[in-house]
Every structure is written in structure tokens, then in C-alpha cells.
Amino acid sequence: MTLHLTHEQLCDLILADSSLPFEGNSQNDSDVVQAHLRACLLCSAELRNLRDSLSHFRDASTAYARQEFAQSYAQRSSIAPPHSFLSQPLYWTAAVVVFVAALFPLSMHRQRSIPPVTATAVSASPQTTESDDALLADIDQKVSADVPSPMEPLADPTAGAASTTSTSNQRND
Amino acid sequence: MSSRAITSDSHSMTQHAPATPLDDMASIVATYEQRIFRFHLVSIRDRDLAQSLTQDTFVRAWSARDSFRGDCSILTWLMRIALNLIRDHTRTDRFRFWKRVSETAVDVSDIASHVPHRDSSLESRLIASEQMTLVWESVAQLSDRQRSVFLLRFLEELELSEIANITGLPISTVKTHLYRALATIRARHNATQKDSL
Numbered sequence: 575m576t577l578h579l580t581h582e583q584l585c586d587l588i589l590a591d592s593s594l595p596f597e598g599n600s601q602n603d604s605d606v607v608q609a610h611l612r613a614c615l616l617c618s619a620e621l622r623n624l625r626d627s628l629s630h631f632r633d634a635s636t637a638y639a640r641q642e643f644a645q646s647y648a649q650r651s652s653i654a655p656p657h658s659f660l661s662q663p664l665y666w667t668a669a670v671v672v673f674v675a676a677l678f679p680l681s682m683h684r685q686r687s688i689p690p691v692t693a694t695a696v697s698a699s700p701q702t703t704e705s706d707d708a709l710l711a712d713i714d715q716k717v718s719a720d721v722p723s724p725m726e727p728l729a730d731p732t733a734g735a736a737s738t739t740s741t742s743n744q745r746n747d
Numbered sequence: 003m004s005s006r007a008i009t010s011d012s013h014s015m016t017q018h019a020p021a022t023p024l025d026d027m028a029s030i031v032a033t034y035e036q037r038i039f040r041f042h043l044v045s046i047r048d049r050d051l052a053q054s055l056t057q058d059t060f061v062r063a064w065s066a067r068d069s070f071r072g073d074c075s076i077l078t079w080l081m082r083i084a085l086n087l088i089r090d091h092t093r094t095d096r097f098r099f100w101k102r103v104s105e106t107a108v109d110v111s112d113i114a115s116h117v118p119h120r121d122s123s124l125e126s127r128l129i130a131s132e133q134m135t136l137v138w139e140s141v142a143q144l145s146d147r148q149r150s151v152f153l154l155r156f157l158e159e160l161e162l163s164e165i166a167n168i169t170g171l172p173i174s175t176v177k178t179h180l181y182r183a184l185a186t187i188r189a190r191h192n193a194t195q196k197d198s199l
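Residue numbers (our numbering), protein chains in the order written: chain L, 575 to 747; chain V, 3 to 199.
Treat the hints as calculated values from the structure; they're not laboratory data.
Computed from a prediction, not measured in an experiment: that's the story for all the values here.
Every residue gets a Cβ at the ideal spot worked out from N, C-alpha and C, and that includes glycine.
Honestly, I wouldn't trust all of these hints.
Claimed, not checked - Stretch by stretch, here's where chain V covers chain L in the computed footprint (C-beta under 8 Å, at least three residues):
#1 577 to 587
#2 641 to 647
#3 671 to 685
Please put together the full structure from these sequences, using the hints given.
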């Protein structure tokens, strides 16, 4: 026997599992260990210390987990509606209303976008096309002219005088 | 946990499938939810994550209820699912990231305020709080396997045979993990006592 309990002996005392199969010498070992515990203050103090630590750990963890669980349960209860409500017509009606409300702006947008399409179609008629062509041809002609028409030189300033002379000659004749 | 959804669904399902003990999922959730949540919370140490994994545990249990053969208790079966979920989750890099930045992570000070005060003296309360803190911090140092076995034994107070059933390990291996976990705690105990002297 060693001076103090081995680590395994100390652990076996802490574990103390009734589900483990009973081994042949375990009763004798247990008696020896118990006798040592009664005699050795160090081992008994360490065993008590370890048991207390594990007990505090278990109790505190359990209490904390219980509190956290209660809080999370309360939050879920306040946020989530009872599931049976989903089967009520009220929820389906609300869903339909939301769906229609979502479709309404889309239909309005579609109605507004239709008139420009028809105007485009009208402007594409043959008459409009001809008038546009004539207008474009006129603009093109004016632009392509070298000198604007108001600035064109006079045709022949002497042509008028010649005609006047011939007229006077005829009168003289 | 939307246990009512599962229950209402179960009524339609049980007309076709043979009845199993897990068909009444509402009562199973009511019985075991808090305990599964506690195991997740102390294992993961994150409130939101513990809630999420608790829900996942029961969803998986419901999905796999046909595979429950009744050769173990329902708690053992649920704990096995919970343990697998924790193992899957803690392996991911995403978990390691959220572990660093999570605001819902459980701090030791949160737990220390819940140490029961059987003795009203201030000294004994301080000692109890220190002892609890020491174990809490020691558990964080354990490997994943050691931590799971330790919590199943000292938090859930399951017997070694049940732990062996949950983890799929031999009882001797379970005992070895517990010896090592307790060795870590003892080492910290001794170091703390030396520091105080």
C-alpha cells in the first residue's frame, strides 16, 4: 500500500458507480481505501474538496441552464404565435390581401406603360413616315446648301438695264 | 421548439407507420428539452447555439424515430443525437469563428452567480464560487471527448454503462477519459492550493 491513495482509487471513490460489475477483490480494496480515508486527513480532505467542487459545478450549471431555458422559452412564447392559428382563415385572408397589395403597383405600372407603346405604333403609320421623310429632306437640302438663300448674290444686275434699253429702242422705233 | 407542428404531423403519420415510443414527440420534448438544452449549453457555452442545437436534436429524433429500437432509454438515444450534433458542429471552422466573436457566449461569471448558498457565510460562498470556477475552467481545457464524457457523468449524472452506450466507447475507455479529466481538475486544485499557501 502506498502512502496515499492513488489517482485511480480517488477517482473510483468519486465515480462510485453502482452500474459497474462487482469484481472479486473490489470489496477488499474498498475496505482498505475506506480505512485509509479514516486515517489520512490529506486524502479525505482532497476527496471532500473534489466532491464539493464537482457538486458546485453541477448545481450552478443546472441553475444557470434552468434560468436560460426559462428565458428562451418566454421569448419564444411572446414572439411566435401558437401554431394552430396558422390554420385559421384570418391568416389566409391576410396572406391574400398582402398578395393583392403587392400585385396592385405592378398592374398600375403596366397600365401607364401601355400608351407610349400605342403612340409609337401610330407614329409608325405610312402617312407620318412620308411627312417625316419630306421634312428631313427639306432640312437636308437647306443644310447642304453652300450659302443660305437670303445671302445668295443677285442674278444679273445689268440684265434689267438691257431690257430697259431695248424697250426704249423699240419706243424710238 | 415547434413541438406542436411535429405532433400534428405525427397524427397523420401514425396512421400509416407502426407506433413507436417517439410518436408522442410533444411529451418527449416537454420531458427532455430542458435537459438536452443544459447539456448543449454547458458543452458549447453559447446560449443561441444551445437553443438551435436543442431544436435540431428533436428534429433529428423525429426524423429518425423509426430507427429507435427501444434497446436503450429515450434519454440515452436523445443524448447520443445531441452528442453527435455537438461533435459535428464543433469541428467546423465557422464554429471556431463564432466562438470568438459571439455575444451570447457564456462567461464563468454568469455561472458563478448561480452557485447555491447553503451556508450564509461570505467565506464559504467565496470558496464555493472558486471551486466552481476552477472546474468550469478545467472543463474548457479538456479534449472534446473527455469533456463530453465528463459532462455526461458529472453534469447529467449518467451511469458509466449509459455513457458507454451514448458515446459508443467501452466502459474501460469511458473510465480512462474520466480519470484524465479528473486528473486535470486535481492538478488545478493543487496548483491553486499552492498559490494560496
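Going down the list of hints, with the structure as the test:
{"no.": "1", "hint": "577 to 587", "result": "holds (count 4)"}
{"no.": "2", "hint": "641 to 647", "result": "holds (count 4)"}
{"no.": "3", "hint": "671 to 685", "result": "violated (count 0)"}
Violation of the numbered hints given earlier is confined to hint 3; every other hint is satisfied by the structure.
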